[in-house]
Amino acid sequence: MADQDTIIIGGGHNGLVCAILLARAGQRVTLLEACPTLGGMAAEREFHPGFKAALAQTLYAMPRSLIRDLDLASHGLEFGPEPLPLRPLSLSAPPQSINGESLAGAADGDAEAYLKYVTMLKKFAAALAPFWERTMPRVGATGLPDLLTFGKLGLKLRLLGKDDMLEFFRVATLPMRDLLDEHFSDDGLKAALCWDALVGSQLAPRSPNQAVLTLLNRMAGKDAGQHVIPKDGMPGLVRALESAAVQAGVTIRTDCSVKTVQIEGDESGQHCTGVELESGETLLSDRVVSSADPQTTFLKLIGAQHLEIEFTNRISRLRNRGYVARVNLALSALPTFQGLDSPHGRLIVAPTMDSIEFAWDAAKYEELPASPVMEVLVPSLQAPGLAPEGQHVLVANVMYVPYDLKSGWTPGSRDELLNTVLRELERYAPGIQELVLASELLTPQDLASQYRVTNGHWHHCEPAIDQLLMMRPTYEAAQYATPIPGLYLCGAGCHPAGDVSGNPGRNAAKEILA
Amino acid sequence: MMNRTDILRSDTSDPFAGERLKVSYFHDREKVLNLRDAWSSWNGFKFADYYYDVDYEYFCIRNTCGTYDICPMQKYLIEGDDALRMLNRMVTRDLNKLRDNRVTYVAWCTDAGRLIDDGTVFRLGENRYLLTCGSPCLAWLRKSAFGFTNVEVTDATEDWAALSLQGPTSFAVLQRMGLDGVAALKPFDIGHFPFLGGTLMVSRTGFTGDLGYELWIDPELALPFWDALYAAGADFGIQPYGESATNMARLEAGFIMPYMEFNEALKTVNFEYDQTPFELDLGWLVDFKKPHFNGRAALLEQKLNGPEVVLTKLNIEGNKPAEESILYSDKKCSREIGYVTSAMWSPVVKANIALAMIDTAALKGEIWAEIYYQRELRHHHKVARCTIQSKPFWSPERARLTPPGLL
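Residue numbers (my numbering), protein chains in the order written: chain D, 2 to 515; chain H, 344 to 750.
One chain only, chain H, in its complex shape (with noise of 0.2 Å):
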């Protein structure tokens, strides 16, 4: 039977049929409010990089709430009675500290400790694990499963439905919506509710730094549901918003996103172009207590040694965002120690942020960032000072908050 997610694939009709890209199963309701046909893609997802307006819709995440269609996003079903094992092998963390209905963020590496990619394991029951990642990831997951004989690995990225609905109004919505104990989910809970017949589950998760879920439903569902959540958030301010959204809240975050902060190794051609936990750092995800995973031994290594670069938040003089600045160890410009992977004005935090790869040993001097600018189609640049900021830029108290507050 023909997936509903290839249906612009089956018009004989069309002559490019087998080009066409797939459709979420939300498409139905977000073509109607994609008023810009703003499409880009993701996965081979048609996928709105914003519906309306990005600065409204990210707004609506920071304010109110928005959903973004998690559709595209890989799920990989680990089960048997060795799942727990293959996984705990593969990813940096130790998921033996895992309990039913947790969630965990993870992050997995080659033989040499360079980052393949990051993502979140579900822990379902005890046998059964969800992984889910940005990129493709089931040859990865095949050669981490050989030799283990108890394990299955199957690509569900089709089998759900999901929605991540995030902001301050988000849990809001899920109790107009009826959702009992909803309230009760801490941050990184998954909670198991009825929905017309089926199950929805959500996972207190998300990619913004704020509060917010993630929405799991059968997809003959995904429809009415979309309707019943829509209608419950019609008073708090419900906006869809794409991927352009998304790229400013998470890094208010602090968050890293690939092809910006890391190159997949996988995917990477250069020698060390890509990059290590460490040099990300999220030297919190890797746990030297696990004998062993993949990547140990070169992790260890890098960690005694300490890494060249790390990844760095700066806050940054002005309101000139430093996209793709380099950065120096003064305001001449004379020594080069870095450069910026991703930068924004933050509406929220009223400051010019960043996040930054920078030489390890310049760390402790002044760091300088090169910005150019356009104004009128006239060429500018300037020499900006930065700052170090240790904690992330956004990480509001509402976020960890249980029961959370009702705005």
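Extracted from the complex, chain D is given alone in its bound form (with noise of 0.2 Å):
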């Protein structure tokens, strides 16, 4: 007989999302992390004695719903007092600051444009909002719920009123450069603007597709996309979510790798039996969930010999390319941007739209970046205990970096790569170099390596279009079930996507506790 109900695979956000709510809900759950620490991408991680940081280093897309249903804040989840600003950097013009609604040091009509445009998308992404925390219809399907989801769509939308729902389509779609041209002047401001709704994806601000969507996705979150740090670091959302899940009764093991889903057939078909750990330990349980990718799921473990051929197929033409690469700096002392008191928020290194285009124009022939693109933070600043005292954490999220170089990944390669970051920020931080203690360049074939996802993508695939809602991450699968019975998935390849939201975790369970 088996010792647990339901076995978790993967000790990310999602997967102790997942656990908490199937353990509150009575079942028996194990949660099994292939790391020594739980977290996933939001993991701390020591690059250097005494400085430490994630790759997921801030909060943005979860909801306020989600953190009160699970009381984080009664296992010890605390924020700082405000969300982070969004400020773009500039060598010659006065520093602009993007603080939720309100946008100082503007140029002239661009304060004004920015609160009628942030109140369009703010409208819109409470329109979108439910439909994150639910379980996409399934095509085809006439149930009332699945007619339900999509009446409710309708409604929400229509109740924009007509001509903003009519706004709403046909800013949709649009690429980002064409939705700032129409509202702003200031170039470093649109550059601004566009990364958040480009970042972690394979998209420049002349792409069409989801760019807009994503936006608004992560604008769901609890302060309507801001972004906030935890009291200490996203490691303390982690031990929050640890805490929860330990109060509910989840058995959590962490070193413990899974080799193989098990899957038994007979006359009456395929279904799941447990998991072989990489020990070659088996445990045994009717259902497992997995936060992994959908290609580790289910070409590693489970293998397309229990899979459908036309399935399969999909599974492996996903679009999961990872173009962000992380940079660690451990510095010395706060560095000096020019013209900011304080490197406080989110600091866009982007001087324009084209800056961000031709960034993307080289990874996608597989080359680096001549000037690369970067969002930069000082983490510790809100959390000091991530650097010793006087000293500071400094991350860059650098764009676009390709996951295979034409040239190859070397370490020539790899120091061309960290020499034009730290050159790049030398521009806006004179004298930042002298006070690099150590640093750290993370591939996205290093992130695949070491946070075990494919091809090093952020959000396990590519939030397209193509792999949004009802195709998340392709059909047959998008509703949390899979085709084997007893195999679920609840990562951020499934519907609505990735960043820190936990609600691919939330909805999975609501699916499982159906």
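Since the hints were made in silico from the structure, they are not lab data.
Where is the CB? At the ideal position from N, CA and C, for every residue including glycine.
Don't take each hint at face value.
Residues from chain H that face chain D, not an exhaustive set, calculated with beta carbons under 10 Å [claimed, not checked]:
# : residue
1 : T453
2 : D454
3 : K486
4 : F489
5 : K633
6 : L643
Derived list of chain D stretches under chain H, where covered just means 3 residues or more per stretch with a C-beta under 8 Å from a C-beta of chain H [as the list claims (entries may be wrong)]:
# : stretch
7 : 260-268
8 : 295-306
Put the complex together from the two separate chains, hints included.
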């Protein structure tokens, strides 16, 4: 007999959220994490003695309702006093700062335009928000719940009023460049505003597809998409989730890598019977929920022989190339950025939308960008525990860095990228290179091996129109259940998508308990 | 090196060389015998519709023997440690039961259980299988092989010169050729025989429902082999036959034909205008004891609910072939219940036969065919009563006897 009702593969935030909700509903849940620590991409890593960073360094997409439902505050989750401002860096213009609905230091007309712009987006985000938190309907299904979901989406959009609804349809798949050119005049401002729609995806400002939808998804988070850092950094969130899981009775095993999901078959068909660990140990359970990315789950842990051929083909064809590299710096002191009194907030190094576009152009052809664009953050300002006293951690999300480099990833090409990033930083923060005690570069390939995510994609697979909603990750696996009875998905490769939102984990739990 | 089948494409003085059909390894002999120049094409090969006279060729199949060129038939080698697992997941039948040097008839379906194609699997060795089918299937095989580490799929269509030898004297011809041991081959057995320093593979298979063999030889030996076969067959009425006679023989045997009985699923545009094995009365090919194969869930659902239509063998009164007829549940033709997919007057059975796709719910009631025909350009129609036949129209004992009779 099985020792647990459910095995959850992966102790990232989605695995933890799903585990908590299932355990609270009375299931015996065992959660297996391959790494020594929980948290997945939000896990804290010491990259230099005394200096720590996580890949997901800020929180923005997690809905207030989830934080409340999981009672994470009582498990120690605290936030700093205010969200982080978004600040386009400029070598010549006066500094600008975007903070929620306010835009400081803007050129003529842009501040007014910004209020109009953000009000419109917030309205759209609010209309869509409920859909990130529910299972998408099955296409062709005529059951009441499926029809209701369709109906509610239609109603929500209609309730925007005719003009706003039409405007939503007009802008929903617009390239960010068109949307921003329509509203704003300042180049640096436009580049900074498109960042949150593009980061982590295979899109640049001129790309049509899902940039606006991604932005709206992120804006459904607790502070309308503004980033916050938990008091103890992202580990604060992970510890709160772990505490909630332990309290709910989840058995957590770290350093416990799953080799295969066990599938047995007889005349009644196939079903899931548990997992085999790398150690050779077998754990029995009729239900296995994987938060690993879809290709890892289906092609590595299960294997094509247990799947349908066209389904396997769609999984193998998923678009999931990661294009973000991470640079972590251990700094001996706080760096000074030109024109800023403090490097507080998210600093965008991208003078124009074209600078982002050109970086993407290079990456498309598997080359390094001549001038990388990046989002820079000094998280130790909010979470002092990340660095020794008086010293700081600087993290930079660098776009666009291809998974495969035409010339191959060698020590030389790694140095070249790191030096380019440091040189670019030096322009905005003269003297910063002298503060660097240690540096770490994580290319998409490094992210793939470090976090066991195929092709190092932040969101497991590209959150694009063809891989969103009832198509995420692909039809027949888009409602958390999979073609194999007993096997479920609960990771970023599910609806609604990546980022630290917890929605895939919560939706999967609801679906399993339904 | 240019393949010999591409010979018509190699003439640099021909402005249409790139558009020319390929030719079979047996073309040099066939072109002499194709007295009517009745060529059509199959999979890009120049292919005889008939050689001399359709009815003559048909009667050779039923009364003496004939050869049908299967060089254009698609042949794929599936090899490696995972070959069996890969094929077994693709086809609906359980290939674990297939022994060395045996052949089995198989079908394969999309995820939704719609028939992609049917064909035969030859088990040539432990990790070596030959799959044959009517239409190119390489893309599907590649998709099916994805995720299996040790399996290699090779298009071997032009690696063999192959002939189908069918008819009651076929065994006698092979005996006359001196193939020792061919008598022991049971239906679906494979045997190997030395031939001019090479190896002739003989499988007791075919598409006519009668005694017959398929003969597989190195392309280099194609013409000497043809000559030896025709020399041995001279006293046994051997004659090449084409597509038209094949189509008559296979209908009498109750075999399905693509673009007659079924539309290949991967080439079907309209929703569910393709078919499932259950709709084609091939449920016996679907082995649910196998825990997984492609389309299993969809097919199980159809099996439980029963298919809405099913391919049915009909005997039709009168002698007017019911080609393209619509079927009704009453003589007044007021309620449509199906349509005929293939029909003919069967000389050997002496019956007016047809295959028809009929609403399952209507099978218990009367079935009437509205038949259109013309007599010296005057068009007529009649409504004929149909009765369902469960067994193949033509299935002689001699097709199954081992050793076969010498007739």
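Results for each hint:
1. T453: 6 Å, holds
2. D454: 4 Å, holds
3. K486: Since the shortest Cβ distance to chain D is 5 Å, the answer is holds.
4. F489: 6 Å, holds
5. K633: 8 Å, holds
6. L643: Holds. Min distance 7 Å.
7. 260-268: With 4 residues closer than 8 Å to chain H, the stretch 260-268 of chain D meets the three-residue bar; holds.
8. 295-306: holds (count 4)
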